[in-house]
Amino acid sequence: MKRDKGEYLIQSIAHALDILGAFSPQEVELGVTEISRRLGLPKNNVFRILATLELRGYIEQNKTTGNYRLGLKTFELGQTFIHSTNAVRQARPVLAKIVEDVNETAYLGILKGTNAVYLDVVETRQAVRSASRLGAIIPACCTALGKAQLAFMPREDLMHLFGRSKLVVYTTHTVATREELFRRLDAVYENGYALDEEEYEEGVRSVGVPVRDYSQEVVAGIAISGPAYRITPEKIQSQFVPLLKRAGLELSKRLGYEVGVKMEGVKV
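Heads up: the sequence shown begins at 1262 in the working numbering, then just goes up one per residue.
To be clear, the hints were calculated from the coordinates, so they are not data collected in a lab. All residues carry an ideal CB built from backbone N, CA and C; glycine is no exception. Fair warning: there could be bad hints in the mix.
Per label pair, the in silico range of CB-to-CB distance [stated by the list, open to error]:
hint	residue 1	residue 2	range
1	Arg1416	Ala1392	15 to 23 Å
2	Glu1361	Phe1336	22 to 30 Å
3	Asn1305	His1421	34 to 42 Å
4	Glu1451	Lys1427	21 to 29 Å
5	Arg1317	Gln1477	21 to 29 Å
6	Asn1306	Arg1416	38 to 46 Å
7	Arg1416	Gly1301	16 to 24 Å
8	Glu1268	Ser1499	58 to 66 Å
9	Ala1392	Leu1278	26 to 34 Å
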């Protein structure tokens, strides 16, 4: 009889991974006491695991505060994962063509829970540009890249993700309620593209579209992002949306999507 993989669990390794997973974009530094409290582990155990991870480069200690943060080795692992994914390899020429055509920064990203994870970027050649989001993990509900994917999820899945979550407000334009978010996702589903109207950063506007693969399901998103004074409503409709829809379809085909295959979309 095949044994369940849970029987092979090594507790100390599991605790080390739990500690690494405790860090987030909202809490980049944590102390021993806080980690111990959250994970229900003895402080001595937490300290010893942190010390081991620090020696290996996966954790760093802030000498000023005494708190800990993720080390360079975790970034290197993340980069290895990013470059090993087929979507990134296939997306790079598509993103480069977008930048060649409109000279604005183009991104590829996926969903991870309620967040959008930015996997790759080709930056504009223009001197004035928004700060790169490469590697960033940002609430999907206030990004075009994230909403372009959320809109094609079944309503029950969205309710599970956002049913009890309080939406974080970043700017005066950020969607503040679940009802408003769902209403906007309805529009994304109908129109085939999503907007970030300065919802995460003041002065930065984005346009995003979904990407599908061989399963016919939405698996990623691509987006154009830049200063709001350049990403104007007029340009969005006349240039960016048509360009992104063509690019999204091209990348989808590269990932095995078959045009004409009937898909049972689920309207949120």
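Hint check results:
1. Arg1416 to Ala1392: 15 to 23 Å: violated, 34 Å
2. Glu1361 to Phe1336: 22 to 30 Å: This hint holds: roughly 29 Å between Cβ atoms.
3. Asn1305 to His1421: 34 to 42 Å: holds, 37 Å
4. Glu1451 to Lys1427: 21 to 29 Å: For Lys1427 against Glu1451, whose Cβ atoms are near 27 Å apart, the range 21 to 29 Å holds.
5. Arg1317 to Gln1477: 21 to 29 Å: violated, 42 Å
6. Asn1306 to Arg1416: 38 to 46 Å: holds, 42 Å
7. Arg1416 to Gly1301: 16 to 24 Å: violated, 35 Å
8. Glu1268 to Ser1499: 58 to 66 Å: At 60 Å between Cβs, range holds.
9. Ala1392 to Leu1278: 26 to 34 Å: holds, 30 Å
Figure legend: structure checked against the earlier numbered hints; hints not met, in rising order: 1, 5 and 7.
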